[in-house]
Every structure is written in C-alpha cells, then in structure tokens.
Amino acid sequence: MVKPSRSYRVFQGVNGVILTLVVLVTLYPFVNILARSFSGERQIRAGEVALWPKGFNLTTYRIVFQDSMFWRNYGNTVFYTVVSTVVAMVLTTCYAYVLSKKHLRGRGLLVGIAVFTMFFTGGLIPNYLLVTHLGLKNSVWAIALPNAISVFNLLVMKAFFESLPTELEEAAQIDGLSTYGILLRIVLPLSKAVVATMVLFYTVSFWNSWFSAFLYMDHSDLMPVTVYLRNLIAGATGGGNAGAGTAELSQVGASIQAVTIVLTALPIICVYPFVQRFFVSGVMLGAVKG
Amino acid sequence: MSTSVKSASPPPGIEEPSGAVARPAPRSGWRRALRRDWQLYSLAVLPLLFFLVFRYLPMIGNVIAFRRFEPGGSMFGEDWVGLRYVRMFLSDPTFWQVFRNTLWLGGLTLVFCFPIPIVLALLLNEVRRRSLKRFVQSVSYLPHFLSIVIVAGLTLQMLATDGPVNHALGRLGHDEIRFIQEPGWFRTIYVGSEIWQTAGWGTILYLAALTTIDEDLYEAARIDGANRWRQIWHVTLPGIRPTMVTLLILNVGTFMAVGFEKVLLLYNPLTYPTADVISTYVYRAGVESNSFSYAAAIGLFEAVIGLVLITTANTLSRRTVGTSLW
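Residue numbers (the numbering used here), protein chains in the order written: chain D, 6 to 295; chain A, 8 to 333.
Here chain D stands alone, though its shape is the one from the complex (with noise of 0.2 Å):
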C-alpha cells in the first residue's frame, strides 16, 4: 500500500466538507418543519425559528388534534393502506409464484404480459374512464384495484422464489399436497423475509400514495391524509390568494401545514431504520434480475 499523497488528503478534507453539507442539506428541512411546528405564530413569521422551536407552544398541535376531518382521513390512509396492501400480496404473490415455475407451459407469455406494461401504459384519461365506468369511484376498490400488483415487485418475489430449493417442493408433491398446499404450506414458511419486504414496499407506496383518492373519491371525508395535506398546501399557496388581506391566514396555515407535515411523516420516519435495509437490497435484487 503506497502512502496516500498529500492531495489525496487534501482531497478526503474537502470529500468530507462535501458530505456534511448533502447531510445538512437533507436534515434541514426536517428539522426546521419540526421547530416550526412546536413554535409560535410570531415567532416563525419573524424569521427566528430555525433549528429550536420559539416561543414553545402545543396550540397548533391541539387544534390539529381537535380537527375531526383529520383523524378521519388519518383512520382512512390507515384503512386503504392495509386493504391495499392484502389485496396487492394476494395477487402479486400468486402471480410471482406461477412465473417461478420454470417448467410451466406458456410461462414466457405469462412474464412478457407483465413486463410489456412496464414500458407502455394506458395513460391518465383511459385509467380515469375506466375507473369511472366499474363504479369504483368513492369507494377503496379506487384505490386498491388498479394498483394491485407493481411489476417490479412481481419480478423480485418470482428471482426469489425461483431461488427456492426445488427438492422440498417435489418431496411435498409426493406426499400428496396439492398446489395451493405447497405454496400456504411449504413456500410461504420458507419465503417470510421476502413477503416482508413486499408488504413493506406495498404499505410505504400505499401509505404515502394521494392521487388515486385525489381523483375518485368525492368527499373530504373519504379522503386520506396526505390529501388532508395537499389541500393545506394548495390552499395557502394558490395564486388566487396572493393579496395582502390573506397574509394572516396563510401564516395560521403553515403553522398547521407544519404539523400535518410531521404527523403524516411520522410513521414512515418511525419504521425508516428498519426499513431502509429492505429496500435498499430489494432494489438491487430487482436490477439484478429484472
């Protein structure tokens, strides 16, 4: 090992400069979303808050809190996410398990009709139409039906289960299980880590979704949470609004906006430790075998 030159480690200083500031760049917003919402209304609109919360307060906390349609919406994101999420494990599983089987008849077509769509969609009007014609609107059928099976998930389940021993199968085949026995029974015990990580994928991309319920649902209360927000958002940043009679109103609005904010976020920032590790070898194994 030749001894690193002396730009080398000028180079490391500024590499290490570099780093902080992509890891201060990315915190910031959090931490000042946070600050802000425990903060007061004068003291965000005088510009002090910045890493601390000023003039500490729950208030804005407590009327969020007090919003019934909140906790509406919050109960409905909780309620679309897990129905969502079974329905998409159902199919996607089923799916994956067939494409596995390499000696399946028709298994190539079987995986191209999948992989086709990863390249060429519908498109917005045709999804909505169709939508609108199966009488889903307003129901979570909107939301669960035509996301129900992600494509790259398909492919990583199937690299998995492909990589399955195939000898526990046959010896359960011989024992007289049928097919839909092998899979409860001997498949899926063997595939927990992988059906983790598909309901975690599931639940995080269903959790943070908004523009299926943004499109098909009709009412506020049906709405989930992040549509909650979005509503926030556009109402205190519309342009119709830019007059100065509104300054007072929009400045209540981004204190509430702050705390939506956080408390939508909270659940994904709780499981994103544990998470994150998932994902980032899922990813991999989907471009390794996609």
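Simulated from the structure, these hints should not be mistaken for lab results. C-beta: ideal position from N, C-alpha, C; glycine also. No incorrect hints appear here.
Not the full set, but computed from the structure, chain D residues with beta-carbon under 10 Å of chain A: (1) 10; (2) 12; (3) 16; (4) 27; (5) 28; (6) 96; (7) 102; (8) 137; (9) 153; (10) 188; (11) 237; (12) 259.
Following the hints, position chain A against chain D.
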C-alpha cells in the same frame, strides 16, 4: 407422477395463454400442460384479470383519442372522428407552451439528476470510515421514502415568504422573493427539490456496481503509476459504465413524463407559463374540463414520444457502447 384431475374441461380463464400460440403442433402439449398444472394456472387467473382490465384495457381505451366521447356513454367513445383531436391540439397554443415546458423540465432533470448520484457515489466510495459512509447514505435516502405531498409541502414551506430561505436572503440584505408565485423560479425549484429527493436513492445502484469492480485492476493501475484520479478515470468509471448507460436509457425513457404529481402539487396559475407540462395539461383538460377525447389525444402523443425516445436511446447505446436494456 401427474396429479389426478376430476373434470376433463379446464377451469374458465385458462384458455388465455393457448390462444396466442400460432404453431399448429403443440395443441396436445397444451392439453397435457393444462391437465398437469391446472392448479398453477388457476393461481394466475386473478392476476391475469388484473393485467387485462387495469393495464391492457386502458391501452385499448386510447382509441377514445380518435372517437367522440359522450358523457354517460361508452368509455371507448361513440363514433370515429379521425384525427380531429390531434389537429385540434396541434393548433392549440397552450399545447405548444406545455410541450416546451415539458422539454425544459425534462432536459434540466436529465442534466442535473442523472450525473449527481454518480458523483455522490464516487465521493461516498472514497470515505474510509464505514460508519460515516453508512450514516451519510442513510440520511440521503430518507427523502425518497416520504410521500410526494410531504416533499412538496416541505419545499413550499422552505421557500415561503416567511421561510428559512427568504430569511437567509434577508440577512444578506436581499429583498424577499416570492419563489412560489414567480414563473422564473419554477424550474429551479422543481429541479432542486427533485435532486433533494432522489440523489441519495440514486446512488444505491452505483455503489453496488462499485463493489463489483475487481481490486486487482486498481492494483495493476497503481503498479503502472496511476494516481487516485487516474484510477478513478481508467478503472472506476469504466467499471460502472453499464449501470450508467442503463440508468441513462431509463432516464431518457421517462423524459416526457416529468414528475406529473410534483408539478401538480407545486404549481399554481401564476406559474403556469413555465410549470404547466403535458401531463398536467392533460389532467386539466380531461378530468377538470371533461374534454376526454382531446386530453386522451395529447396523452397518447406524449406516450408515443416516450416510447420512441426509449427505443432510440436503447438502440443507440447498443450500437455505440454495447449495453442495452433489451
């Protein structure tokens, strides 16, 4: 070895795969496959139904771009009108404005969001302390996991007139800027928030590619007298070239579909001159104004350009660097 089958007729829905086989010979092969694997095929029925209804039907549904749509009528429209809607949008000045905006935003996103993860991955790769490296990575992934609504909310809060950016400007003696209302700022805001959200996540594949580079190559380069920079230039970059090309093709392919949801969340009527893109115009024309055929025609145009772009990029890269998606 075959499992016992009670009924001779296959369950409904599984003729699907056989229909696409053109060759005459394997009819009996299919029958045997169905008898042996009917349980497997039955597991595929619901997922296939999903793909047919929610993926392929909308593709066919695009015919509405060439047919007149009646409210309450069929989702495929009532009668043929040929290229009427295509001619309509081609002579629509708003269409050309959103087309230009799409090219601008797509181009800027490509220029900034494609190389930054590569640079970040190279920098991270030079970090010696594993704990530090892992910490920086974990932090930089974080924005990727948040809802786009939260990202938009954070962006708007940071740039609000009473937000941190304006206060920093104020301290430097600068007048406050109404970032959100000024068309001139939209592109910067969009690309900036896109970098903030995606840069860390984008490094994953590059870091994975970096670990697969053979240490011996660096050894050999050192023996040949290459310093750190030359090693990066002659060993590291060629080593991650396939990954770079693959991601470049994918980026080019999504060029036209610039962040629809993010634009929808960040823009407002004041910033339409620079922010309105094809997909947001399609949304407004279709869903908000009920001109479904007109909007579908524009959407189809966008999708076709996207398909042409990704095919061209793929062919070009196969011919020039020998890496391609298919």
